[in-house]
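Chemist: This is what each chain is made of:
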Amino acid sequence: MTEYPLRDSKADKLFTHSGRPLSEVTAAAIAAGEVTGDDLRAHADTLRQQAQIARQGGYPQLAANLQRAAELTDVPNEELLKIYELLRPERASYDELVRLADYLEETYDAAENAAFIKDAAAVYRERNLLRR
Amino acid sequence: MERSKRFDLLAKRDINKETYVEPWPEAGLIAADSPYDPPPSLTIEDGAVVEIDGVKRQDFDALDIFIASQALDLETAEDAMALPSKEYARMLADINVPREEIARLVAGCTPGKLTDIIRHMNVLEMMMGLAKMRIRRTPANQAHVTNWREHPALLAADAAEAALRGFAEVETTVRVARFAPFNALAILVGTQTGRGGVLTQCSVEEALGLRLAMKGLTSYAETLSVYGTEKTFVDGDDTPWSKAFLASAYASRGVKIRFTSGTGSEALMGRAEQKSMLYLEARCLLVVKGAGSQGVQNGSISCIALPEALPGGVRAVLAENLLASMLGLEVAAGNDALASHSSIRKSAKLMLQFIPGADFIFSGYSAIPKRDNLFGGGNFDAEDFDDYNVLQRDMQIDGGVRPITEAEALSIRRKGARAIQAVYRELGLPAITDEEIDAATAAHGSDDMPERDIVPDLKAADAFMAGDDDFVAVIRALQQSGFADVADNILEMGRQRITADYLQPSAIFDADFKVRSAINDGNDYTGPGSGYRPHGARWREMQAIPQAKSPEGFVDPHVGEPLSRLVEIGPAAKGAGREVVLALGPAFGTALAKTIGGLHHEDVLEAILTGVAAEGLIARVIRVYHSSDCAAIGYVGARLSGSGIGIGLQSRGTAVIHQKDLVPLNNLELFPQSPSLTLGTYQDIGRNAARYALGAPTVPVAVEIDNGARLRLIVKTALLHRRETDEVCPDRPPMELRFDWEPEL
Numbered sequence: 323m324t325e326y327p328l329r330d331s332k333a334d335k336l337f338t339h340s341g342r343p344l345s346e347v348t349a350a351a352i353a354a355g356e357v358t359g360d361d362l363r364a365h366a367d368t369l370r371q372q373a374q375i376a377r378q379g380g381y382p383q384l385a386a387n388l389q390r391a392a393e394l395t396d397v398p399n400e401e402l403l404k405i406y407e408l409l410r411p412e413r414a415s416y417d418e419l420v421r422l423a424d425y426l427e428e429t430y431d432a433a434e435n436a437a438f439i440k441d442a443a444a445v446y447r448e449r450n451l452l453r454r
Numbered sequence: 079m080e081r082s083k084r085f086d087l088l089a090k091r092d093i094n095k096e097t098y099v100e101p102w103p104e105a106g107l108i109a110a111d112s113p114y115d116p117p118p119s120l121t122i123e124d125g126a127v128v129e130i131d132g133v134k135r136q137d138f139d140a141l142d143i144f145i146a147s148q149a150l151d152l153e154t155a156e157d158a159m160a161l162p163s164k165e166y167a168r169m170l171a172d173i174n175v176p177r178e179e180i181a182r183l184v185a186g187c188t189p190g191k192l193t194d195i196i197r198h199m200n201v202l203e204m205m206m207g208l209a210k211m212r213i214r215r216t217p218a219n220q221a222h223v224t225n226w227r228e229h230p231a232l233l234a235a236d237a238a239e240a241a242l243r244g245f246a247e248v249e250t251t252v253r254v255a256r257f258a259p260f261n262a263l264a265i266l267v268g269t270q271t272g273r274g275g276v277l278t279q280c281s282v283e284e285a286l287g288l289r290l291a292m293k294g295l296t297s298y299a300e301t302l303s304v305y306g307t308e309k310t311f312v313d314g315d316d317t318p319w320s321k322a323f324l325a326s327a328y329a330s331r332g333v334k335i336r337f338t339s340g341t342g343s344e345a346l347m348g349r350a351e352q353k354s355m356l357y358l359e360a361r362c363l364l365v366v367k368g369a370g371s372q373g374v375q376n377g378s379i380s381c382i383a384l385p386e387a388l389p390g391g392v393r394a395v396l397a398e399n400l401l402a403s404m405l406g407l408e409v410a411a412g413n414d415a416l417a418s419h420s421s422i423r424k425s426a427k428l429m430l431q432f433i434p435g436a437d438f439i440f441s442g443y444s445a446i447p448k449r450d451n452l453f454g455g456g457n458f459d460a461e462d463f464d465d466y467n468v469l470q471r472d473m474q475i476d477g478g479v480r481p482i483t484e485a486e487a488l489s490i491r492r493k494g495a496r497a498i499q500a501v502y503r504e505l506g507l508p509a510i511t512d513e514e515i516d517a518a519t520a521a522h523g524s525d526d527m528p529e530r531d532i533v534p535d536l537k538a539a540d541a542f543m544a545g546d547d548d549f550v551a552v553i554r555a556l557q558q559s560g561f562a563d564v565a566d567n568i569l570e571m572g573r574q575r576i577t578a579d580y581l582q583p584s585a586i587f588d589a590d591f592k593v594r595s596a597i598n599d600g601n602d603y604t605g606p607g608s609g610y611r612p613h614g615a616r617w618r619e620m621q622a623i624p625q626a627k628s629p630e631g632f633v634d635p636h637v638g639e640p641l642s643r644l645v646e647i648g649p650a651a652k653g654a655g656r657e658v659v660l661a662l663g664p665a666f667g668t669a670l671a672k673t674i675g676g677l678h679h680e681d682v683l684e685a686i687l688t689g690v691a692a693e694g695l696i697a698r699v700i701r702v703y704h705s706s707d708c709a710a711i712g713y714v715g716a717r718l719s720g721s722g723i724g725i726g727l728q729s730r731g732t733a734v735i736h737q738k739d740l741v742p743l744n745n746l747e748l749f750p751q752s753p754s755l756t757l758g759t760y761q762d763i764g765r766n767a768a769r770y771a772l773g774a775p776t777v778p779v780a781v782e783i784d785n786g787a788r789l790r791l792i793v794k795t796a797l798l799h800r801r802e803t804d805e806v807c808p809d810r811p812p813m814e815l816r817f818d819w820e821p822e823l
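Residue numbers (our numbering), protein chains in the order written: chain Z, 323 to 454; chain Y, 79 to 823.
Only chain Y is shown next, with the shape it has when bound in the complex (with noise of 0.2 angstroms):
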């Protein structure tokens, strides 16, 4: 059979790594739109709701009579239903509509409204929808922090540069569910000595979930997973009151909560009943806020790779995050398990949450490499790190996090290890040994760690479990070993409890360990010169990417001694007889004395010299005042030379060969990419630029074609020009040049 070589070539790409598969709506495999969505009804009888989206109150199941007695406005709802689904989309769309006046509204919808008005809305309709939508002004991020070995040294380093880097919150989970309470303690610790005020969960079942926030060791979970239909729902072990009454018993302890819930789970788990999954989402989402939850974990999570199989996918979890932030729910927009091989996919999807902002961009931006991630890769990891700063540079949008230099990093990962090396030996846990502290201090992943023996771990674990000491006790370690700081941290988050303000919808904490949430820090936006910008010393930070140099970094290696053996003696003349012109940039042997591949400038000029000297010519150098453009400089030494032939010559390199009667801009060979030329490409320019003045046959020189060239010095070539350029005397006439040299002939 025929091959195509690029076929062979884009089958072989990560794209194509990837599963695709065609709708099929009967199974649930179709992400928004399904036929068997049904058209949005409410019907509304004494107070009380006889009718969902076609469903009659004698067939409610358990999701629908929780939606209609928990989560539905019904004072507004007859108008909500009543305005088109269009309107809806506009408004959303809107900018001089405010996020309030479509909240009220969406407090009425039903699951079927909430989707109808999705499919009159495009990515950038809705894109503009979240970013008025979102209820917390100022966008945030959270980080994952596990490790395959559980390595509580390796996960305290890592909570730590996590918290330094910016991430309001912190997630774990556990590979062995024992561990957990000594995981969660890791992250605690780790966060609080990175910086005071990060939010962190151990990700484990509800129940023992609950018992680690009791203890004082998480500050928020998340994972209290909801589904859109009711065979779901009971097949993860829960009903909209048991995880209502989970949320109330959270909050009880001064926990803040979160639920889960994400497109494609009901048809993974078999029983989507024909359903689009943007459908059963918004009926999970309405489940969310009935249940009193101040937010949602959405965005498909763990489920991505299932929407991002089908036709819409991507379009319909930005949907999910849209529906729950119009619901008036702080969104964790997903961006967290692995999604797509391809960085193409993964960084486009990626915008959909990063440009318009979310409440938290990833809910769980692995913050350790992908091998290390135990809750399904990771789709941006620890190896992504300067990519993602780069991204907020870029495009000066904030995506929650900060640049940090090694140092800190290597500083802050050691500081704290040795805390949670503190709080074992003081709690009489295993031993946490020096050893372990270095190789968690400089370590990238647990392949970095040693070996370390967790049978008395997962023992002490246990009896950690079913012990007394809680948070109190580890601040009391911290305050005993010298880490009163990380003690005041943990303290302060106590205090935190007690005054329960971050139980407020979206609530972070602050650089200055201050609350904010939606409450106090509520979204504004309403177009341009409203909202959430990143400004002053917050944008100063975003672009102090360690790899920024300032520009004076780039022209110092080009500086030197003005070229001795060059000397002016004169206006230069309009020369006679075969000869070629050799003008130079005004900056020459001068302002400037190597070019931008480092190539001294007297060698340079000797290499072109002996060039045209091996052809039996004699090249007269000039200096051009008047511009720096290379053409211009050619076309100057053309125009004075005999043979009407001139070689223009900038200091960075690039080189020209001209002739007198062409236009400026024309040339007979350009020579633009000076980073890739040699001594010996110059002496071969020299030698051309002869036997075009010879009238002799000439093939031109041939140089290497390097695309990246551009890319990689393009800084520096601009700043080279405008070295040159600052020599430029727009008055003086060319001069003539005396170089010091005779040809080795």
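Bound conformation, chain Z alone (with noise of 0.2 angstroms):
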């Protein structure tokens, strides 16, 4: 795979979390101030990338989980933390989680992390896992 790793080959053309050119994350950006922790992190449109890379490279499950990491990058990290804790066993009921699929959806596109959730729901309620 001749792009891989992106750090060689797309230097100039990835993007931070925060859209920042990634040339731009310097020592002296770091230095002055100008970088953030935010700035420190992948882009969705770099992750959708590996996911690429991973698929090509027989890993579809990897490359599945990279999707959904995509659509995670916007997602605040307190959200996260809370989504993550409605899927432990017996958290949510089962109106819980759908509402909380459609508003990744609605909110920031997750379309996969939806629909993912939406599987865990019906699992849950089959298997008796959601809050009593």
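Honestly, the hints are just simulated from the structure, not real lab data. One or more hints might be untrue.
Listed next, the in silico DMTMM-like pairs over lysine to aspartate or glutamate satisfying Cα-Cα at most 20 angstroms (straight line) [said to hold, decoys possible]:
no.: 1; chain 1: Z; residue 1: Lys404; chain 2: Y; residue 2: Asp139
no.: 2; chain 1: Y; residue 1: Lys448; chain 2: Y; residue 2: Asp464
no.: 3; chain 1: Y; residue 1: Lys592; chain 2: Z; residue 2: Asp334
no.: 4; chain 1: Y; residue 1: Lys309; chain 2: Z; residue 2: Glu412
no.: 5; chain 1: Y; residue 1: Lys627; chain 2: Y; residue 2: Glu820
no.: 6; chain 1: Y; residue 1: Lys424; chain 2: Y; residue 2: Asp92
no.: 7; chain 1: Z; residue 1: Lys335; chain 2: Z; residue 2: Asp360
no.: 8; chain 1: Z; residue 1: Lys332; chain 2: Y; residue 2: Asp590
no.: 9; chain 1: Y; residue 1: Lys134; chain 2: Z; residue 2: Glu448
no.: 10; chain 1: Y; residue 1: Lys794; chain 2: Y; residue 2: Asp634
no.: 11; chain 1: Z; residue 1: Lys332; chain 2: Y; residue 2: Asp599
no.: 12; chain 1: Z; residue 1: Lys440; chain 2: Y; residue 2: Asp139
no.: 13; chain 1: Z; residue 1: Lys404; chain 2: Z; residue 2: Glu434
no.: 14; chain 1: Y; residue 1: Lys592; chain 2: Z; residue 2: Glu448
no.: 15; chain 1: Z; residue 1: Lys404; chain 2: Y; residue 2: Asp590
no.: 16; chain 1: Y; residue 1: Lys309; chain 2: Z; residue 2: Glu407
no.: 17; chain 1: Z; residue 1: Lys335; chain 2: Z; residue 2: Glu325
no.: 18; chain 1: Y; residue 1: Lys309; chain 2: Z; residue 2: Glu448
no.: 19; chain 1: Z; residue 1: Lys332; chain 2: Z; residue 2: Glu346
no.: 20; chain 1: Y; residue 1: Lys448; chain 2: Y; residue 2: Asp547
no.: 21; chain 1: Y; residue 1: Lys537; chain 2: Y; residue 2: Asp526
no.: 22; chain 1: Y; residue 1: Lys592; chain 2: Z; residue 2: Asp330
no.: 23; chain 1: Y; residue 1: Lys794; chain 2: Y; residue 2: Asp804
As the structure is a prediction and not an experimental result, all values here were calculated from the model.
Hey, can you piece these two chains together into the complex? The hints should help.
Modeler: Structure representation (structure tokens):
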């Protein structure tokens, strides 16, 4: 895969999560206080490219995970933690999970995650893993 | 009751400190092949799985549902399930079958099928399988760095040393959970001081772990535990879906993840459902794969003592490593928690992963003493560093580490400790004193560290966790305090989060901070001449243990001025009468001056001659040139001796008493253990030779038996012998010598 690693092949075409070009993430920019933690993580498009690389490499489940991860890049930290908490056993009702899925899809365009959570909701109902 | 002294001794051996238990399948106390393990089966109707391993859809538990919907490749499943298990086993052991061909089919195998394949394999075949199926070509290693004091300077120093030693990942954890951000910070700063690109993690509760990753304090997470039954999974407070979501959450922040499973956890939690440990592990692995984790830490991990208590347990642990690699997962192969009291047993077990190689041979080599290991002991620890380096050197096998010198260790430890001191100062955290830096630099473990007031540390940790400071603040702190290189390394870790290359399977960063994963460093092993073998610079580095000396160094102490009192006077003739001939090796007293035991050649000569003189005889001294062999030298002496008795003496001190009528390789007395010979022994040798010449009754000279001498001195023996052999002149006859000496009688 000639484009992998992107660090070498696309260093001039990659952006941080915040939209800053990778080339601007320099020691000087850090020293000047221009770079925040939000700059030091991947843009959704980059994760999608990595998903594509994983799929071509023969790792379809990892690719699906990276695809879901791409959708989650815009979800704030605290929300991510809350969603995780709701997905743990016996935390949420079926409806709460479905509403969560719809919310993610509407707010963050997170269709893959929404479908995944709806699948979970159905299984939780079948296997008695919903809140009692 | 009658007791055997041997059994009494055996009972005290380390191997008998272990616990052994007979299998009990009903309780899940069986490593593999429980009679209750289901035969493999898979039924697909209308594109949906309606039966797995004999369980119908209506009876699926959450794991079955997850595996059916997320893990199995239904397109290949029919072919995959139809191929006989024995065929898979043969393909795994067959160097001519490439990994891709097997991986493609395995994608459609159920847990029952996977365990059925293993049924046909012994450990050697599984090792062949692991060598081929491991997804990254280059093997690597992970270290554990913790200490019971949770001292930041010691954590940073140990992490720096671990990084310098070549570990690709460093994992820490906590004794007190509130220390998590500081422990993560210390090993981040420490590792990036030792070598840029070492991945780090802090093993804590899932949500806290994610918070640490979001702050940039960790670059991977490994302890996303999965279990092989629904009940244990739920007891672990997760479902396959929550774990999969967590995996995506980590990836969304550019953090590498690896799940954790391993034989024995279900039995330990009392919910094994009569299945074998291996069968349940196969289910775990399909959940791991289905969740989209790039890899797994398995090899029983913290439960290792349980499979090791059972027959076939160690085999089952290798089997689970192999299954994971067959499924295309990165494997951190265990060998971490304390598994055995016995050095023999723990090393033998290690070979099952060490020889074939794994993505990470250890999922935590304890780079600290066991006493400081907060993960459950550390089967191999800092005290085994030299042993481990020697194993690499012995077998030319890359175990993922390299030898370092004491000076290198001290230097990098001090720098790591000073870097974390600077970060603490710049961020306004409780001060780390110079005294603590000195202690951390020289320390082996917590016991060597001064007391630290943890109350303000914990308070600061809480504030740090709640506050906005993240790894950007850490980079800036390092920039402002003269650690620009460490700052640059952490910044590059940040850039790598942006590019996310290290989210691909089995990613590490090499010595040049370049990502190396199954995508650009895929395993291509198909037998001799293929795959990974350490060579060139890496092999030279592995060889260069500081303990290795140059060959010259062995010989130098035995070289000296030629003996001026020993003069050659002409060709040696056959003598007459009751004399003893003392025949010397070609280098004696010339090219070499001391025996292997450090005795001066002239003192040895005097001792032997004194012994001969004590019996009233005279010894004629000759030098043999045509051979350096002790028997040959002694035999020449005997044949030239008037009495037929000769003494052969090599420069390294080995001696023989010979008789002319014996065959050359026979002798009257042989003294092969030259390092044990004293001047007194040499005098006794002279005396006995004289008594043989006199035909007097003779008791053989008693010598101390030291079976360790050969082990300690074989290199020196070989090199001294080689030096003597250099002096051999094949055509030169034996020469008579005069030794300027009078017996003091």
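Chemist: Confirm or reject each hint.
Modeler: Tested hints:
no.: 1; hint: Z:Lys404 x Y:Asp139; result: 26 angstroms, violated
no.: 2; hint: Y:Lys448 x Y:Asp464; result: 16 angstroms, holds
no.: 3; hint: Y:Lys592 x Z:Asp334; result: 17 angstroms, holds
no.: 4; hint: Y:Lys309 x Z:Glu412; result: 13 angstroms, holds
no.: 5; hint: Y:Lys627 x Y:Glu820; result: 41 angstroms, violated
no.: 6; hint: Y:Lys424 x Y:Asp92; result: 11 angstroms, holds
no.: 7; hint: Z:Lys335 x Z:Asp360; result: 18 angstroms, holds
no.: 8; hint: Z:Lys332 x Y:Asp590; result: 18 angstroms, holds
no.: 9; hint: Y:Lys134 x Z:Glu448; result: 14 angstroms, holds
no.: 10; hint: Y:Lys794 x Y:Asp634; result: 10 angstroms, holds
no.: 11; hint: Z:Lys332 x Y:Asp599; result: 19 angstroms, holds
no.: 12; hint: Z:Lys440 x Y:Asp139; result: 17 angstroms, holds
no.: 13; hint: Z:Lys404 x Z:Glu434; result: 18 angstroms, holds
no.: 14; hint: Y:Lys592 x Z:Glu448; result: 47 angstroms, violated
no.: 15; hint: Z:Lys404 x Y:Asp590; result: 39 angstroms, violated
no.: 16; hint: Y:Lys309 x Z:Glu407; result: 18 angstroms, holds
no.: 17; hint: Z:Lys335 x Z:Glu325; result: 12 angstroms, holds
no.: 18; hint: Y:Lys309 x Z:Glu448; result: 15 angstroms, holds
no.: 19; hint: Z:Lys332 x Z:Glu346; result: 14 angstroms, holds
no.: 20; hint: Y:Lys448 x Y:Asp547; result: 33 angstroms, violated
no.: 21; hint: Y:Lys537 x Y:Asp526; result: 25 angstroms, violated
no.: 22; hint: Y:Lys592 x Z:Asp330; result: 9 angstroms, holds
no.: 23; hint: Y:Lys794 x Y:Asp804; result: 15 angstroms, holds
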